[in-house]
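Visitor: Sequence:
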Amino acid sequence: MKKIYLIGIGPGNPDYLTIQAINTMKEVDVFFILEKGERKGFKEFIKIRKEILERYLDSGTYRVVSAKIPERKKSRKSYKEEVKTWRQQKAEVMTGLIEDKMKDGEIGAFLIWGDPSLYDGHLEILQHI
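The opening residue of the sequence shown carries number -14 in my numbering; numbering runs sequentially from there.
One or more hints might be untrue.
[As the list claims (entries may be wrong)] As a list, the in silico DSS-like pairs of lysine-lysine whose alpha-carbon atoms are at most 30 Å apart:
#	residue 1	residue 2
1	LYS21	LYS(-13)
2	LYS21	LYS88
3	LYS(-12)	LYS32
[To be verified] Label-pair ranges, simulated between beta-carbon atoms:
#	residue 1	residue 2	range
4	ILE54	GLY(-3)	17 to 27 Å
5	ALA52	GLY(-3)	11 to 21 Å
6	LYS69	GLU12	25 to 35 Å
Bear in mind the hints are in silico, worked out from the structure with no lab data behind them.
Quick reminder that beta carbons are idealized off the backbone N, C-alpha and C, glycines included.
Produce the entire structure from the sequences given, and follow the hints as far as they go.
Guide: The structure is reproduced here in structure tokens:
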């Protein structure tokens, strides 16, 4: 069986991580980093996630797997429909990562800005898949 954690990293400053987040990170075999594209700021978000891993974990104790996800299209459709479609596309990418990049018995994780239970669609996506 594979296990997935959504680990809240607060506002993104490595100094603000909770002890609970750090301890949970130490259990993880593979971290998934979802790349949203080339827009301003996204590369910085990836850099901060990697900095967090390097600061709190011993090198060689985990793997990092990155994957591009589609950007949410902004069209004339309703906002709810756009988000629903985008989350379905994102779920397909996440499912592929979990199936293809994890071995049975491993723990995977996504580092999430803020608190994943309050503000983020990853929890809903994982419940779907």
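Visitor: Give a verdict on every hint.
Guide: Hints versus structure:
1. LYS21 / LYS(-13): It holds: about 25 Å lies between the C-alpha atoms, which stays within 30 Å.
2. LYS21 / LYS88: holds (25 Å)
3. LYS(-12) / LYS32: Holds, at about 25 Å.
4. ILE54 / GLY(-3): 17 to 27 Å: Since the Cβ atoms of ILE54 and GLY(-3) sit about 18 Å apart, the hinted range of 17 to 27 Å holds.
5. ALA52 / GLY(-3): 11 to 21 Å: holds (20 Å)
6. LYS69 / GLU12: 25 to 35 Å: Holds: the Cβ-Cβ distance is about 32 Å, inside 25 to 35 Å.
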